[in-house]
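Colleague: Sequence:
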Amino acid sequence: MSSSSRRDFLRGGAFAALGLALPFKGKSSLIESFAASKKLNAFGLQLWTVKEDMARDAKDTLKKVASYGYKQIESFEGKSGMFWGMSNKDFKKYLDGLGTRIISSHCNISTDFEKKAAEAAEIGMKYLICPYKGPQKSIDQFKKFADEFNKAGEICKKNGLRFAYHNHDYSFRPVEGQLPQEVMMNNTDKDLVDFEMDIYWVVAAGESPEAWFKKHPNRFRLCHVKDYAKTANGHESVQLGKGTIDFHSILKVGTANGLRNYIVEQEAFTGSNPLDSAAADAKYMKAFAI
Numbered sequence: 001m002s003s004s005s006r007r008d009f010l011r012g013g014a015f016a017a018l019g020l021a022l023p024f025k026g027k028s029s030l031i032e033s034f035a036a037s038k039k040l041n042a043f044g045l046q047l048w049t050v051k052e053d054m055a056r057d058a059k060d061t062l063k064k065v066a067s068y069g070y071k072q073i074e075s076f077e078g079k080s081g082m083f084w085g086m087s088n089k090d091f092k093k094y095l096d097g098l099g100t101r102i103i104s105s106h107c108n109i110s111t112d113f114e115k116k117a118a119e120a121a122e123i124g125m126k127y128l129i130c131p132y133k134g135p136q137k138s139i140d141q142f143k144k145f146a147d148e149f150n151k152a153g154e155i156c157k158k159n160g161l162r163f164a165y166h167n168h169d170y171s172f173r174p175v176e177g178q179l180p181q182e183v184m185m186n187n188t189d190k191d192l193v194d195f196e197m198d199i200y201w202v203v204a205a206g207e208s209p210e211a212w213f214k215k216h217p218n219r220f221r222l223c224h225v226k227d228y229a230k231t232a233n234g235h236e237s238v239q240l241g242k243g244t245i246d247f248h249s250i251l252k253v254g255t256a257n258g259l260r261n262y263i264v265e266q267e268a269f270t271g272s273n274p275l276d277s278a279a280a281d282a283k284y285m286k287a288f289a290i
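Letter 114 of the sequence shown, counting from 1, is numbered 114 in the numbering used here, and no numbers are missing.
Among these hints, one or two may not hold up.
The list that follows gives simulated cross-link-like pairs (lysine to aspartate or glutamate, EDC-like), each with its CA atoms no further than 20 Å apart [unchecked claim]:
1) Lys-137 <-> Asp-96
2) Lys-64 <-> Asp-246
3) Lys-59 <-> Asp-96
4) Lys-158 <-> Glu-182
5) Lys-137 <-> Glu-182
6) Lys-38 <-> Glu-267
DEER-style ranges, computed between Cβ atoms [to be verified]:
7) Lys-59 <-> Pro-135: 33 to 41 Å
8) Gly-134 <-> Asn-186: 14 to 22 Å
9) Ala-256 <-> Gly-99: 40 to 48 Å
These aren't lab readings, by the way, just hints derived from the structure by calculation.
Quick reminder that beta carbons are idealized off the backbone N, C-alpha and C, glycines included.
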């Protein structure tokens, strides 16, 4: 993670000038604060956030998203596919012109997965991700999912990319005395299968994201940065910084334990709309440091 901006700030003398106005103890703590702070190199947007806008005009929506500061895109497989009616190469070419790139996509891993992996690899994507399996009545079903993930991981590895599974809250709720998330992580090959932590859903299940990062280092390589707020009917996602999640602590612990991809997602827009929220979320992430 680059610290060039911090070095430039120090060289420019602004830090020293500010320090002269502070007592010695204050200068010391300020120095420690700057030394400990690291900007995120890049962050992405899960296009589910702006799915209605993408359905209306994918190219215009992608142009707006890039203008907000998103350098990475995580797609999903809608009616027009992962590449929104374009070929994989045309999609990449369009994003290249916007100064952003597709690094991952959620997709149905049960159909044409070999083809999807080949097309993803052809344009330099890093991940294909299973987004959802749903709650199950038996823990054995989650073991079967783990076997399926291992096979998908083999296909991805053969094509030069990685496979991951994205959680919801159901995998953190006990089934037959066991946590499905634990079962899936313990029964998948770490050389083939990574995990994308949806931080919102871990919190919604009453679990600690930090504890999971520490318990399974280098398994959660991606995350969804999605804020959480309680409502009269339960909870909903909100603009980053307006909810209750302590992302500074969580992402710091995650990064120390192998987290490398930070994907913004928002699913509810009370008092706002998807595009305005995507812009507000990007502003939050550009100012973010861990």
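Colleague: For each hint, tell me whether it holds in the structure or not.
Modeller: Consistency of the hints with the structure:
1. Lys-137 <-> Asp-96: violated, 45 Å
2. Lys-64 <-> Asp-246: Outside the cut-off at roughly 28 Å; violated.
3. Lys-59 <-> Asp-96: holds, 12 Å
4. Lys-158 <-> Glu-182: violated, 26 Å
5. Lys-137 <-> Glu-182: Roughly 16 Å between the alpha carbons, so the hint for Lys-137 and Glu-182 holds.
6. Lys-38 <-> Glu-267: violated, 28 Å
7. Lys-59 <-> Pro-135: 33 to 41 Å: For Pro-135 against Lys-59, whose Cβ atoms are near 37 Å apart, the range 33 to 41 Å holds.
8. Gly-134 <-> Asn-186: 14 to 22 Å: holds, 20 Å
9. Ala-256 <-> Gly-99: 40 to 48 Å: violated, 29 Å
The structure shown violates the earlier hints numbered 1, 2, 4, 6 and 9.
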